[in-house]
Amino acid sequence: MPQTKQKILLCAPDHYGVDYVINPWMEHNRGKTDNALVKKQWTGLRDTLARYVDLAYVEPQKGLPDMVFTANAGLVLGDLAVASRFRSPERQGEEAHFRAWFESNGFRLAPWPKNVFFEGAGDALFDRGAPVLWCGFGFRSDEAATGLLERLFPKREVIGLKLVDPRFYHLDTCFCPLSRGYLMYYPPALAPESQDLIAETVPKEKRIIVSDDDALAFACNAVDLDPVVVLNAATPALTAQLAKAGFTSECTPLSEFLKAGGTAKCLTLKLHED
Numbered sequence: 012m013p014q015t016k017q018k019i020l021l022c023a024p025d026h027y028g029v030d031y032v033i034n035p036w037m038e039h040n041r042g043k044t045d046n047a048l049v050k051k052q053w054t055g056l057r058d059t060l061a062r063y064v065d066l067a068y069v070e071p072q073k074g075l076p077d078m079v080f081t082a083n084a085g086l087v088l089g090d091l092a093v094a095s096r097f098r099s100p101e102r103q104g105e106e107a108h109f110r111a112w113f114e115s116n117g118f119r120l121a122p123w124p125k126n127v128f129f130e131g132a133g134d135a136l137f138d139r140g141a142p143v144l145w146c147g148f149g150f151r152s153d154e155a156a157t158g159l160l161e162r163l164f165p166k167r168e169v170i171g172l173k174l175v176d177p178r179f180y181h182l183d184t185c186f187c188p189l190s191r192g193y194l195m196y197y198p199p200a201l202a203p204e205s206q207d208l209i210a211e212t213v214p215k216e217k218r219i220i221v222s223d224d225d226a227l228a229f230a231c232n233a234v235d236l237d238p239v240v241v242l243n244a245a246t247p248a249l250t251a252q253l254a255k256a257g258f259t260s261e262c263t264p265l266s267e268f269l270k271a272g273g274t275a276k277c278l279t280l281k282l283h284e285d
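Sequential numbering of the sequence shown, starting at 12, is according to this note's numbering.
Honestly, I wouldn't trust all of these hints.
[Stated by the list, open to error] Label pairs and their computed distance ranges (CB to CB):
no., residue 1, residue 2, range
1, 125, 55, 32 to 40 Å
2, 208, 166, 13 to 21 Å
3, 251, 178, 20 to 28 Å
4, 254, 227, 19 to 27 Å
5, 238, 68, 22 to 30 Å
6, 154, 198, 13 to 21 Å
7, 104, 175, 27 to 35 Å
8, 259, 73, 32 to 40 Å
9, 73, 119, 27 to 35 Å
10, 166, 257, 25 to 33 Å
No wet-lab data here; the hints were simulated from the structure.
On a predicted model such as this, the values are computed, not experimentally measured, just so you know.
Using N, Cα and C, we set each Cβ at its ideal position, and we do this for glycine too.
Whenever a hint applies, use it, and build me the whole structure from the sequences.
The following block contains the structure:
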């Protein structure tokens with residue numbers, strides 16, 4: 012039986028810019044994005060993805076510059092979507108638009124309490140080799156989200172991971188499950204007890220640990236399109252590590268989006284997987 016192509020949700024950067032500060036990356040970049048380069052880099056990512064997957068689009072909205080980061084729209088499995096509850100008031104206006112998009116595109120919206128913050132696939136990542144859902148907390152999503160997700164996805168073990176470095180405020184900025192059970196991640200961004208949970212769950216030979224340089228270039232903020240890994244940048248050492256594990260690195264520069272604290276993974280939401 013032929014495989015169904017993956018499908019990814021994007022949002023054009025028509026209104027993107029660093030208009031406020033809600034993470035350390037934004038601190039010195041307010042008003043400093045280059046609009047022409049923004050469009051060129053986003054188009055480069057879109058065209059790269061289009062070679063491998065089907066694409067869907069949500070309409071960008073004026074006054075919501077971070078809506079371009081569709082990973083934070085919610086979490087999707089099958090026809091169920093868990094729409095995000097944003098912690099930052101600056102992003103809360105996105106919620107209604109993402110919920111409307113899910114509903115108009117055939118997804119069921121999961122119930123979610125208004126008082127529990129959860130920032131979608133930025134903090135909740137499906138393992139690619141085991142029935143595990145990794146859930147980050149500490150900066151944006153609440154620890155309570157872990158238990159709620161376990162009830163929504165009873166066939167998945169939900170493992171909570173505490174984030175401790177504000178530069179890596181979402182789990183997907185420092186942690187990337189890859190196909191066949193591999194994991195690319197940056198341990199210093201996680202609490203020691205969370206590092207222990209990873210070591211207990213993922214075999215050592217499947218763990219790809221990135222350097223400080225790769226972590227700060229958001230190499231872990233990558234899109235797994237087995238065997239291709241799409242990412243902002245990678246050192247030769249990381250490229251070699253990935254190749255040894257059977258992956259091909261495809262770099263598409265996204266420096267203008269890193270100014271707001273996001274790159275390839277942040278700009279995408281998987282809507283369907285093989």
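Hint check:
1. 125 - 55: 32 to 40 Å: Since the Cβ atoms of residue 125 and residue 55 sit about 38 Å apart, the hinted range of 32 to 40 Å holds.
2. 208 - 166: 13 to 21 Å: 20 Å, holds
3. 251 - 178: 20 to 28 Å: 25 Å, holds
4. 254 - 227: 19 to 27 Å: 22 Å, holds
5. 238 - 68: 22 to 30 Å: At 26 Å between Cβs, range holds.
6. 154 - 198: 13 to 21 Å: 20 Å, holds
7. 104 - 175: 27 to 35 Å: This hint holds: roughly 29 Å between Cβ atoms.
8. 259 - 73: 32 to 40 Å: For residue 259 and residue 73 the Cβ distance comes to about 38 Å; the hint holds.
9. 73 - 119: 27 to 35 Å: 29 Å, holds
10. 166 - 257: 25 to 33 Å: 27 Å, holds
Against the hints set out earlier in the document, no violation occurs for any number.
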